[in-house]
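Now for the letters of each chain:
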Amino acid sequence: MITRRHLLRTAGATLAMTAGPKFSEAEAAGANLTPGLPEGVGTVATMEALPGKKPLIKLSHRPPNYESPLETFRTAITPNDEFFVRYHLADIPTVDANTYKIAVGGDGVDSAVEISFDDLKKMPSVEVVAVNQCSGNRRGLSKPHVVGVEWGHGAMGSARWKGARLKDVLDKAGLKKEAIEVSFNGADGPAVDKTPDFIKSIPAWKALDDSTIVAYEMNGQPLPHWNGFPARIVVPGWTGTYWMKHVIAINALTKPQGGFWMNPAYRIPLGKFPIRDRFITQENAASTPITEMVVNSLITSHREGAKVIAGKVAIRGIAWDGGYGISSVQVSTDGGKTWSAATLGQDLGRFAFRPWSFDLAARKGRNTVMVNAINKLGQSQTSELIFNPAGYHNNVMQNITLNA
Amino acid sequence: MRVLLIAVVAALVGLPAAADEHPIQLKKAPGLDKVEANCQACHSLDYIPMNSPFPNAALWEAEVTKMIKAYGAPIEDADAKAIAEYLKSNYGS
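First to last, the protein sequences are chains A and B. Quick note on our numbering: the first sequence kicks off at 7 and runs consecutively. Quick note on our numbering: the second sequence kicks off at 4 and runs consecutively.
Simulated from the structure, these hints should not be mistaken for laboratory data. Please note: incorrect hints may appear among the correct ones.
[Stated by the list, open to error] These stretches of chain A come out as covered by chain B in the derived footprint (C-beta under 8 Å, 3 or more residues):
#	region
1	40 to 47
2	151 to 158
3	189 to 200
[Stated by the list, open to error] Quick list of in silico lysine to aspartate or glutamate cross-link-like pairs, EDC-like style, CA-CA up to 20 Å:
#	chain 1	residue 1	chain 2	residue 2
4	A	K278	A	D124
5	B	K69	A	D203
6	A	K313	A	D340
7	B	K72	A	D199
8	A	K318	A	D340
9	A	K200	B	E88
10	B	K37	B	E64
11	B	K30	A	D340
12	B	K69	A	D199
Note that the coordinates shown come from a computational prediction; the quantities given were computed from them, not determined experimentally. Beta carbons: idealized from backbone N, C-alpha and C, even for Gly.
I would like the entire structure built from these sequences, with the hints used as guidance.
Spelled out as structure tokens, the structure:
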């Protein structure tokens, strides 16, 4: 069945089409795409602004999937209006904070409760700077290519999130010791009834972590609509799939959460990645849910093939991981034969982007800059892609060419 | 369905569009009508060129099957076949 809400949306879109597209000059400008994406991306990706946002790289309109351009990552905190947008399902309501409620329940609590937006804000608040990165960030760079939203480098951002601890929210309903997972549902839903609703769970131990929060502020402001207003789950260290936007239901469960979005979606092959956080109640013989982010870095000052002037060139970038913290960023200008340490910038916490800089002595002609971030567990980026069917966890070291 | 759609459009005249969705013109070829009639009920058509031209015939068929089996898209068998053919011929490798 096509829902009525969906019909209204499609009708609206049809109307917009007949009226003719109204591109601003900025919107009409082509997106500066990451090299290596499927060729077809270039035919549909454009710089376009969603209401309340600056122009971002539009990959799909409906559901909206927009990534941040490289320039966005030149600051360690990503501005709200430049933060990437990712939805699975196309029916996205505007949520009214005055009537908004979170239903906290499930068979893993003593008594279900409803929490209003005011209730949430009256609870003790905490702040955490944390990277929200889509599991599929850099999917478009997978070799061979795999199907999905063909993200370049920009399906991520880091913000200062403020909210109530999830464990305090669960306490209101009384968490039973038998609870093994905590699941989330958001206000957004599918266009057709038979499409599985986007419901995700995390292990109880992760839900009870002091850093896991129900956030209602992002960089000192209310959450933008497109990033989950009025409140979203923030799971520092873990990929964005668990960071439920517009969260309206939180359920403690004594049995594993089922459904398409837990299995087969968002899974990685067992044993292929250097992952420490296990999600044991969802593991099977072949695969396990994606959990924490792998250590990674991005050169933000220059693009592949950029022109520079021979002499000292300041190379800048960011590094991040699954919450262990960055210990060093190594740079090679000879294709990986020898390495030098970059200078690390301000530490905004173990879940944040860590800025780094490196002075390159650029020679006339071709120069290369290769970067490898290392975290406090001693994990580093890979030189070869660890291929997996969904294109997750791409942390291949960049090696860009600069021409002087 | 079409009559209802027109009625809804008429009711919406003067209101801002819910989604500022620019039209995506896919390659004109046999089967495009089936793609337009079925696929964009759930998602905009930019998903198709974005995921091209790398999928081979088997991968495009698997995608159409996934839309029906996993995402519950109400697509009739004959349409599904026409859609897969169109994708293979126009956006495949």
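Hints breached by this structure
4, 9 and 11
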